[in-house]
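Q: Given the sequences, and given the hints that come with them, work out the whole structure.
Note that my numbering numbers the sequence shown so that position 488 is 488, with each residue one more than the last.
Be aware that one or more of the hints could be misleading.
Claimed, not checked - Label-pair distances were calculated between CB atoms; the ranges are:
{"no.": "1", "residue 1": "Gly87", "residue 2": "Asp534", "range": "48 to 56 Å"}
{"no.": "2", "residue 1": "Ser504", "residue 2": "Pro51", "range": "22 to 30 Å"}
{"no.": "3", "residue 1": "Thr426", "residue 2": "His257", "range": "42 to 50 Å"}
{"no.": "4", "residue 1": "Ile384", "residue 2": "Ser473", "range": "30 to 38 Å"}
{"no.": "5", "residue 1": "Gly289", "residue 2": "Gly110", "range": "38 to 46 Å"}
{"no.": "6", "residue 1": "Ser473", "residue 2": "Pro385", "range": "29 to 37 Å"}
{"no.": "7", "residue 1": "Asn275", "residue 2": "Asn86", "range": "28 to 36 Å"}
{"no.": "8", "residue 1": "Ser432", "residue 2": "Ser379", "range": "14 to 22 Å"}
{"no.": "9", "residue 1": "Pro51", "residue 2": "Asn109", "range": "25 to 33 Å"}
{"no.": "10", "residue 1": "Pro385", "residue 2": "Val243", "range": "21 to 29 Å"}
To be verified - Here are the simulated lysine to aspartate or glutamate pairs, DMTMM-like style, with alpha carbons at most 25 Å apart:
{"no.": "11", "residue 1": "Lys15", "residue 2": "Glu42"}
{"no.": "12", "residue 1": "Lys15", "residue 2": "Asp64"}
{"no.": "13", "residue 1": "Lys15", "residue 2": "Glu105"}
{"no.": "14", "residue 1": "Lys15", "residue 2": "Glu111"}
{"no.": "15", "residue 1": "Lys15", "residue 2": "Asp5"}
{"no.": "16", "residue 1": "Lys15", "residue 2": "Asp37"}
{"no.": "17", "residue 1": "Lys15", "residue 2": "Asp277"}
Worth flagging that the hints you see were computed from the coordinates, not collected in a lab.
Beta carbons are placed, not taken as given, at the ideal position from N, Cα and C, and that holds for glycine.
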Amino acid sequence: MILWDPDGEGPQPQKLVVGGSFVQAGNAPARNIALFDLATGEWSALGTGSPGVVTALAVLPNGDLVAAGNFQINVGNPPIRVARWNGVSWTPLGTGLPGSVYSLEVLPNGELIAAGYNLTAASPPQGVARWDGTSWSNLYSSTAVAEGTAILPSGNLVVALNGGVRIASWNGSTWTSLNSSNRASCFAVLPDGDLAAGGASMTRWNGSGWTYFGATNGWVLSVANLPNGGLVSAGTFTSIAGVQASRIARWDGVNWHPLGSGMNGRVNSVLVLPNGDLIAGGGFTIAGGVTAMCIARWNGSSWAPLNAGICGAVTAFSRRSDGSLIAAGNTLTHDSVYYGFVMQRNGSTWSPFGFGMSSSVNTLLTLRNGDPVVGGVFSVANGIPANCVARWNSATWTSFGSGLSSWVYALAELPNGELIVGGSFTSAGGVSANRVARWNGSSWSPISGGMNSTVRALAVISNGDLIAGGDFSTAGGASASRIARWDGSSWSPFGSGLNSAVYSLTVLPSGDIVAAGDFSTAGGVSANRIARWDGLQ
Numbered sequence: 001m002i003l004w005d006p007d008g009e010g011p012q013p014q015k016l017v018v019g020g021s022f023v024q025a026g027n028a029p030a031r032n033i034a035l036f037d038l039a040t041g042e043w044s045a046l047g048t049g050s051p052g053v054v055t056a057l058a059v060l061p062n063g064d065l066v067a068a069g070n071f072q073i074n075v076g077n078p079p080i081r082v083a084r085w086n087g088v089s090w091t092p093l094g095t096g097l098p099g100s101v102y103s104l105e106v107l108p109n110g111e112l113i114a115a116g117y118n119l120t121a122a123s124p125p126q127g128v129a130r131w132d133g134t135s136w137s138n139l140y141s142s143t144a145v146a147e148g149t150a151i152l153p154s155g156n157l158v159v160a161l162n163g164g165v166r167i168a169s170w171n172g173s174t175w176t177s178l179n180s181s182n183r184a185s186c187f188a189v190l191p192d193g194d195l196a197a198g199g200a201s202m203t204r205w206n207g208s209g210w211t212y213f214g215a216t217n218g219w220v221l222s223v224a225n226l227p228n229g230g231l232v233s234a235g236t237f238t239s240i241a242g243v244q245a246s247r248i249a250r251w252d253g254v255n256w257h258p259l260g261s262g263m264n265g266r267v268n269s270v271l272v273l274p275n276g277d278l279i280a281g282g283g284f285t286i287a288g289g290v291t292a293m294c295i296a297r298w299n300g301s302s303w304a305p306l307n308a309g310i311c312g313a314v315t316a317f318s319r320r321s322d323g324s325l326i327a328a329g330n331t332l333t334h335d336s337v338y339y340g341f342v343m344q345r346n347g348s349t350w351s352p353f354g355f356g357m358s359s360s361v362n363t364l365l366t367l368r369n370g371d372p373v374v375g376g377v378f379s380v381a382n383g384i385p386a387n388c389v390a391r392w393n394s395a396t397w398t399s400f401g402s403g404l405s406s407w408v409y410a411l412a413e414l415p416n417g418e419l420i421v422g423g424s425f426t427s428a429g430g431v432s433a434n435r436v437a438r439w440n441g442s443s444w445s446p447i448s449g450g451m452n453s454t455v456r457a458l459a460v461i462s463n464g465d466l467i468a469g470g471d472f473s474t475a476g477g478a479s480a481s482r483i484a485r486w487d488g489s490s491w492s493p494f495g496s497g498l499n500s501a502v503y504s505l506t507v508l509p510s511g512d513i514v515a516a517g518d519f520s521t522a523g524g525v526s527a528n529r530i531a532r533w534d535g536l537q
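A: Below you can see the structure in the form of structure tokens.
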């Protein structure tokens, strides 16, 4: 996040620029980068947005906005990963950078520093690159990934690295190690000129040595100075220096304090506004006990959402019997980690189901009793161990025994209420189950030998038979090309099947089955990624 004045010395006020992995900001479609008007409380898109995740932002001395991350400007071209807003559209900054960017910093002389991985064409890959206004060049000769940057009062550049040298300083001509044994990811310069480093804990550099001033039980991902001389730290921790503080805390120069009840998920970035209010963004859905989708504002006493917040990519929808809509999806953090969310539409607002998932949600099913079930890559749901599948019981997320050994891509409910899951797993509840398994309410069991490769789609037809689609070529040991039917006792193929993967199955009111995926033929007939089975061919 960064403050930016779109028209420089013109009449427009500064606006908040937010980057990340999302498709909507407030009520405005916005792809991975958006503007928030602090005066009106409204979100807006910035052009067509970014085609990939935005992990770093900077404002050049001439007022130009620069965004970096992991994206390309035009499909088919090499990745650019750093671009400048020209007032109308995004344009590459020079030839761009070949690797992922995690941090941007503007030097006192106006040069732009990018920190990340594989940022120059040098071999081995380099982690720090410099833009001199015309071209990019390598600045730090090390294979270490560079994660955070800061400018000291002296004008020296400080970079956080994950190699043998943890923190290094550049004086314009040479690099010097600051001899830190603590891995860092972010910095803030304190009023007395000391450097505060956040990472595995909070440490402080006084020009000659390091001291600890905030041991945490998680990672510090962002720090920011407060107008009163204090400091805010945010990340994945729930305690700092022995003080309970859920993902965000304030340091007054002596002690640490929580900011209300904090967040229910990680905080990736914090920014202090000119009036002293604090903006926090990350993978949370609740801030201070109120719904706040991934971004919230602290006014000194309480948290509030920024309009409707920002929304990551939605991967699945479902509707409950009362007509309410449920959506599941994922947000991507600055360090390329996905977190899953599940939300319900209540009238004109969205509300979360608990604290979300520790990793991606791939699929969503609403059971006949109204309980949502999600499957995916996660191992924890709402703080509860739940391997790749979980159920909301009206109060919290619960597991299905010990869950699955690998990812879940599809869910279905049989007429008798049993839950069917499909995916890439080979065991369910500790029992061998090849890519498809059944939960009877108390335990898992395999389904007639299962498949030899991933199951990506499931559907139940009117007579109760189960249809499965995916990457497989055998079902129950018999040939079945990407689609098969289970009649309660054995698997059988659908004709000659399809020539490539099936990702989705739908049963029409007529009973016909529609399959969608990567295939180009179905039953030997040309079918461009979608085909219908009418029971005869």
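Q: Looking back at the numbered hints, which does the structure fail to meet, lowest number first?
A: none
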